[in-house]
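*Asks:* Build the complex: two chains, separate frames, hints provided.
So the protein sequences, as listed, match chains A and B. So the first sequence is residues 1 to 481, counted in the working numbering. So the second sequence is residues 1 to 476, counted in the working numbering.
No wet-lab data here; the hints were simulated from the structure. Hints should not be assumed to be uniformly reliable.
Stated by the list, open to error - List time: in silico DSS-like cross-link candidates among lysine-lysine, alpha-carbon distance up to 30 Å:
#: 1; chain 1: B; residue 1: Lys-134; chain 2: A; residue 2: Lys-340
#: 2; chain 1: A; residue 1: Lys-260; chain 2: A; residue 2: Lys-381
#: 3; chain 1: B; residue 1: Lys-261; chain 2: A; residue 2: Lys-339
#: 4; chain 1: B; residue 1: Lys-129; chain 2: B; residue 2: Lys-218
#: 5; chain 1: B; residue 1: Lys-73; chain 2: A; residue 2: Lys-375
#: 6; chain 1: A; residue 1: Lys-454; chain 2: B; residue 2: Lys-72
#: 7; chain 1: B; residue 1: Lys-129; chain 2: A; residue 2: Lys-340
#: 8; chain 1: B; residue 1: Lys-335; chain 2: B; residue 2: Lys-374
#: 9; chain 1: A; residue 1: Lys-339; chain 2: B; residue 2: Lys-129
#: 10; chain 1: A; residue 1: Lys-454; chain 2: B; residue 2: Lys-73
#: 11; chain 1: A; residue 1: Lys-80; chain 2: B; residue 2: Lys-129
#: 12; chain 1: B; residue 1: Lys-73; chain 2: A; residue 2: Lys-381
#: 13; chain 1: A; residue 1: Lys-351; chain 2: B; residue 2: Lys-261
#: 14; chain 1: A; residue 1: Lys-80; chain 2: B; residue 2: Lys-18
#: 15; chain 1: B; residue 1: Lys-252; chain 2: B; residue 2: Lys-134
#: 16; chain 1: A; residue 1: Lys-340; chain 2: B; residue 2: Lys-261
#: 17; chain 1: B; residue 1: Lys-73; chain 2: A; residue 2: Lys-389
#: 18; chain 1: B; residue 1: Lys-212; chain 2: A; residue 2: Lys-339
#: 19; chain 1: A; residue 1: Lys-375; chain 2: B; residue 2: Lys-72
Unchecked claim - Non-contacting residues of chain A with respect to chain B, defined by C-beta distances greater than 12 Å in every case (computed):
#: 20; residue: Thr-7
#: 21; residue: Asn-27
#: 22; residue: Gly-134
#: 23; residue: Gln-249
#: 24; residue: Met-292
#: 25; residue: Val-301
#: 26; residue: Ala-317
#: 27; residue: Lys-339
#: 28; residue: Arg-342
#: 29; residue: Arg-352
#: 30; residue: Lys-390
#: 31; residue: Gln-470
What the hints assert, rightly or not - Negatives, chain B to chain A, calculated, CB over 10 Å:
#: 32; residue: Lys-199
#: 33; residue: Asp-287
#: 34; residue: Glu-328
None of the values given here were measured: they were computed from a predicted structure. Note that the Cβ used here is the ideal one computed from N, Cα and C, for glycine as well.
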Amino acid sequence: MELNKLTAHELIGILNKGDILPIDICNTLIGAVRKKDQGINAVVHFDDKKPVERCKALGNDKSGALWGIPIFIKDNICVKDELTTCSSNILEGFRPPYNATVIDKLLCSGAVLMGKTNMDEFAFGSSTETSCYGATRNPWDPERIPGGSSGGSAACVAADEAIFALGSDTGGSIRQPASLCGVVGLKPTYGRVSRYGLIAFASSLDQIGPIAKDVEDAALLLKVIAGHDDMDSTSVDMPVPDYPALIKQDIKGLKIGVPKEYFIKGIDPEVKQAVRSAIDKIEKMGAVCEDMSLPHTEYAVAVYYLVATAEASSNLARFDGVQYGMRPGQVTSVIDMHKKTRQQGFGSEAKRRIILGTFALSSGYYDAYYSRALKVRTLIKRDFDEAFKKYDAILTPTSPTPAFKIGEKVEDPLTMYLSDIFTISANLAGIPCVSIPCGFTKAGLPVGLQILGKAFDEETVLKIAHHYEQATDWHKRRPLT
Amino acid sequence: MAYETVIGLEVHLQLKTKSKVFCGCSTAFGAPPNAQTCPVCLGFPGSLPVLNRQALMLAAKVAIALNCQIAKKIRFDRKNYFYPDLPKAFQISQFDQPLSQHGYLPVSIDGKEKRIKIRRVHLEEDTGKLFHQKDCSLIDFNRSGTPLLEIVSEPDINSPEDAYAYLTSIKSLLQYIDVSDCNMEEGSLRCDANISLRKPGAKELGVKAEIKNMNSFKAVKAALEYEQARQAGLLDSGKEIVQETRLYDAAKDVTESMRSKEEAHDYRYFPEPDLVPFDFEQALLKDIKSSIPELPGPRKKRFMADYHISDYDAAVMVGDKAMADYFEKCISIHKKPKEIANWLMGDVSAYMKEKNLTIDDLNLKWAHLTGMLKMIDDGIISGKIAKTLLIEMIQTGKAPAQLVKDKGLEQISDAGTIEKAVAEAIAENPGIVSDFKGGKQNAIMALMGKVMAKTKGKANPKKVNEALMKRLKGAV
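Just chain B, same shape as in the assembly (with noise of 0.2 Å):
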């Protein structure tokens, strides 16, 4: 039977502030373990904490660029637990009064924009890190206090790929606003999800599971597609869905049950005493809503409208923000979007990703690329030379002109050397040359790659073409 799919995720992000949320301690990432840490995020006795403002700007900066409402009085509260990573043995968040909510993030689904409504978002501090041993368990204090933003969705995600789709829009968002290093690896972004599954047109939810310890968008993915199946299972077999906390295993690829609604804590909220409560100044959030930059939504809009490019290639383009800004550097001086979007979309990206660059690493002066393209349109180099000029661009980090000119690949427009050429190649391959005559058109083809092979590569295709077509015409 199919079923419909609710999925809603909490995503965990870590703040990029100098120093932790209630301390002065730095978050910098990669000290020696307990380096980074003083009596109040280790939790001694007697230790208060003091609110960070940074981090509170960050955190009011991605809930107003998730459109989210900012609350008038900013509480903060405890949340009650054992744990050893937890040093107060509680967690200071937000409860019942966040800092914001009822936002939404625009996500582009199957080439529509659909808004992912945002229950809310809500500041606390991280933990310290486990590291179990044989015969012990140690723990690193570092990252313990360092901001924590906890951006919770309604369930209004219908399936594994829209999930995913959500989270690229998300962590896009976030980079644009630069407010986090989003890297799932290090930590510094985390997510849970919450999924269950009820008949279509049913109104009330299903029961849930929520999956934890998923480590990159695809494990998110991978395992939201494991449950979704499960429990479509269990529904077609008659059995109930017991609601409870399962581990996604990424070796196995499979979900497996943590603890069960029975075994669920009681966090015992209540206001944090040691935070007075205090009004959110109107005059910093003006200053926080002009410090936020043209988002990915309205910029794919107007990329598409300004220069002509598809949905697909402008979601591409927006997606990452430093590709975004280099599309539109190369734009301000060749103009010729779409001829750049295929670029960046198609060798160069390709490039990146072998080599795990990103655009800015990448050794790619945007002077260089497009000088490249001007050099392609007025004929002088071949778009097939172009491919491999491009990787001695980056690799070199010289200009276009200088290694066209270095390495003799200027194309040959000329026509008594391409008349050579075609002659040579219609002599030695009568085979060829009679296919085309019975009726293969193809078959011109093949002698347009003999003729390259004569002249490495670097033949006018254009102008090889007509030579050959006057030529074999003019034969019959």
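Same shape as in the complex, but just chain A (with noise of 0.2 Å):
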């Protein structure tokens, strides 16, 4: 039995009958990081001597949800004492006094950290092209790119190097990378996860949630790092519902909105084929599917990049060599330490996207880019308003194309930004929304279908993603690694 290929739910059952130990998948996981991920660079921070004590001192009380099950973390959550450094070389050596709200929980419930993944630096990008320690390869195609900015994490889970991992989406970075790789990415609704200890990137839209090799370990994560913390005033005071459980309820009646702005020019005929099959499916199942309208959906790309930009540039104004991370030796005064820091540590997405977000916010700018961002992007939540009104989901393609080529888009921002076309609605809007495979191209590269729910509804679009998942294998293939 090879461990690393089971599901979190699986090794939960053979942990319970005691047939194996904690230690057991733990040392599976780091042959396996050890085997395949020198040709894919999904793990930037590895300590194999850190989960292996771990294991060990977990004992014997099996009540956590988690007890024993080891996971992987996104390189922009903080993990006290272990590096988190965004994959960015401005926050070289920086190690957190305190954990993110979601490790705590992870620890209470007897989960074992494996390792940092990597990602898009400050989770600026679409293909985990812009790391400080070079891109993460598709697992499906060494050629191409993972997605991002949580292409380490979905890569990881995809080659089998994972049994889960958290990543963060701010515009699609669980999502799109979660449907280039083949595997299951949720966002939960803003607000249903604490953001506090996740470097932010844009504040508003940031979310932390699971990318998982199933529907069933979405849920089972999600119940564990969902609900309200002190230390967060954005996180809802609202019960957590038992994921799990609730998935497994009929999905018959449901009525599902497939909105026609999805399915434009530009997007791959074989994405197009794969989702139209998977609707046709999903009706099959028992619920009604009708085609409708999200009238704003093509100014999102537009708003997204003006909101996010311009919460990023004041998030990011902290690294300035003044408390942690990198400082360049020789300076000759407080402004000269600022600029050196800031030129040497960011890459150039990372610059570009300052430049935007502190041009947005400007004095005589302001009225013109951010205020009016603001302004749309409630008319683009006032469209899912409307549409959950008459409908219980949406579904939609994940990402307009399979996986492209490493450097492909690279130089080209615009071309790049695109790839979030069809994610970024759900951050604006702040609703829940999950990534499953339905399908391969021709090529065999993965492709992945959205489905949207109403806010705070994770259980609706994961019972739904469920029993598609139950009557397809799509999940279950693996690439060759």
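*Replies:* The structure is reproduced here in structure tokens:
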């Protein structure tokens, strides 16, 4: 039995029987990372002594929901005393003195932290090519990108180096790499999961979520990390449903919308075909699917790149060389230190976004850009509010294309930004959204189906995803690595 | 040429909360550097602010006491700029929707009440503090995240003296509602000033300078006086005023240019996404209103009406809440307000000033002070002896009757003793006696002094005067 190829819920069953110990799973994963990751570059901070020690210290109290289950963490989530660098030179050597709330919750549930995964620098990207540690490769085709920014998390799950992982999603950074790597990725409702300890990209859009091999694992992990946190005033005080149980309820009679704006020109025909087939399948399973419209969709990318970069320019201003991270050796003054730290510490995409956001907030431009963007954001949110009066969920492709080649778009930011065209709206509206495998191209690249739901109604999107998954075997296919 | 001076003041006030405004760290003054810090107030990546309810309550209390309208929705903004004492490189503040606006503060100027309008009162966080060494700079983040209230006046103030009166009034008000230590030396109260000049009657405001770095109310007044003269000089010689920020140098008593308008920051304010806007609960507003005591303005009016003391006396009495409370306690058993006010403003205040003490620090029970005043009224001690007795009371904490008995300070009213001393004084000072007889009425005071010297100041002055007059007139 290859333990690394199993899901968390399968491993929990075996652990409960007592046939294996947490250290057995841990050692299998350490072996898998050693064997495979040189070719994939999904894992950036990995000290195998730490998870081994954790397994030994776990004891026999199996009451935690994730007792003995290993997990990888995206490099922008703070783990106490462990390297947390956002794959950026500017955070070289940074070890936070505290845990993110999701990390505390994972530890309380008995999970074993394995290491940190690669990402686009500060989550700025859709391909995991802007990392200071080099690009992550797609396990289905090493010439191609795994998507981004949580490309490391998606790739290590797809390559069976991991059981599951945490990612973060600001404009599609969980769902798009999940889609391109053929795994499940869930962006919860804004406010469902505490952001405390997630190094902010865009505070009003960021959300932590699971990347897993199947929907049940995503549900299991969401249940552990969700809930109100006194340390995050944007987290919402609502009870956390029992997702793993709820996803098994029937989907017959659910009303589902299919927005015409998501099947536009420029979408890859094979992607379109796979997603259409998936929609037919879901209809045959008893849901009622209907074409509909989300009229402000076309403005989402423009709005996003103003709101997200404006917030990012402010969030990233603290990396000034004063307290932590990189500081250049020779400086002549405080201003010189700020300048050299940021010149040398940030990569070019980070600089591009900081400059863009700074401009959008500047006096004289604020009204025309940032303020206008907020107004259009409200219109986009209103589209969804209207739609969800009628529909229980919305189905779309996750990404307009399958995984593209490494280097193909990195010099062309505008084309790169369009990779997020189908995922951005959910962040602007704050709604939950899952991507699940729904087919493959002739070249053998995975295609993802995106399911969007009402705010705080993760159970419905997961339920639809789970039933579709039960009726198909796309999620069981694995790349040859 | 005479110009009209236009001044607006920005007061920054540290609120007296137990913990910081967006985290749980203590705000106590004087801890070792960086002992009171956490990931939030150090601005560590991933940390998030959570609003301290107590800070909001105190802020609203100030706003209500300043007659401001409280915003229905509470919202925060980010003010972005780089400086090593600002760990997130932005300050959480309030920009276009402050906590409250459109208030006023009644200020007594030349015995008349003037309402200085308050433009806005908003809540924000304080920065850390830099310490520059020879070859490096150190940062103490203990102050970072301390709740800070910014109180901005309209340009309603017309002289440095009035600015001083405004600051005194605002400090008094803040002490009344017990929201801050108001200690300029410890930095819990700071003030920046905007000043411009214009021709009398002109409607447009002149070009202003913003003055910073004043660490006392007197320094504010001095800096404004300097700046008023500097600007008048420039205008007189036909030169233009440059809009700029200037620093006051107390040692040289001058203001010096710090940065011009062109060099001013673009703070790129935008709504703070980490703090969700929320409605200010109306029930809370009621609670805050009911927690506000009688404020100095109304109290002064009541003192004048009920105790028949002058505008000046009433202003001095209410200026310090502790003093006003003390004053009223004294009146409750000794119904002579003017007499009590005179002693408090005179000898008691002089002693406080000399020793740098407040009325509460002073070891003077109000029952002792009133007991002493009653002994004067009853003729047991003289007013002159009372001055000595007051100091004894403060220094020993003993009751006046006890001290008078122990030290034999009782007034001599015995006719025989007084007659004897008067007779001796007249006999020993024939020169003064002849002056008096020659028409110099004041000479009697000199004789009075001689009698007092003989009785060690204890003779009843009224009786001495009567005895002297009787003898001298009788001898004419």
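*Asks:* Take the hints in turn and mark each one as holding or not.
*Replies:* Hints, one by one, checked against the model:
no., hint, result
1, B:Lys-134 - A:Lys-340, "holds (23 Å)"
2, A:Lys-260 - A:Lys-381, "holds (17 Å)"
3, B:Lys-261 - A:Lys-339, "holds (23 Å)"
4, B:Lys-129 - B:Lys-218, "holds (24 Å)"
5, B:Lys-73 - A:Lys-375, "holds (19 Å)"
6, A:Lys-454 - B:Lys-72, "holds (29 Å)"
7, B:Lys-129 - A:Lys-340, "holds (23 Å)"
8, B:Lys-335 - B:Lys-374, "holds (10 Å)"
9, A:Lys-339 - B:Lys-129, "holds (22 Å)"
10, A:Lys-454 - B:Lys-73, "holds (26 Å)"
11, A:Lys-80 - B:Lys-129, "holds (27 Å)"
12, B:Lys-73 - A:Lys-381, "holds (21 Å)"
13, A:Lys-351 - B:Lys-261, "holds (28 Å)"
14, A:Lys-80 - B:Lys-18, "holds (28 Å)"
15, B:Lys-252 - B:Lys-134, "holds (23 Å)"
16, A:Lys-340 - B:Lys-261, "holds (27 Å)"
17, B:Lys-73 - A:Lys-389, "holds (28 Å)"
18, B:Lys-212 - A:Lys-339, "holds (27 Å)"
19, A:Lys-375 - B:Lys-72, "holds (21 Å)"
20, Thr-7, "holds (29 Å)"
21, Asn-27, "holds (31 Å)"
22, Gly-134, "holds (22 Å)"
23, Gln-249, "holds (32 Å)"
24, Met-292, "holds (30 Å)"
25, Val-301, "holds (20 Å)"
26, Ala-317, "violated (3 Å)"
27, Lys-339, "violated (10 Å)"
28, Arg-342, "violated (10 Å)"
29, Arg-352, "holds (17 Å)"
30, Lys-390, "holds (28 Å)"
31, Gln-470, "holds (37 Å)"
32, Lys-199, "holds (31 Å)"
33, Asp-287, "holds (22 Å)"
34, Glu-328, "holds (44 Å)"
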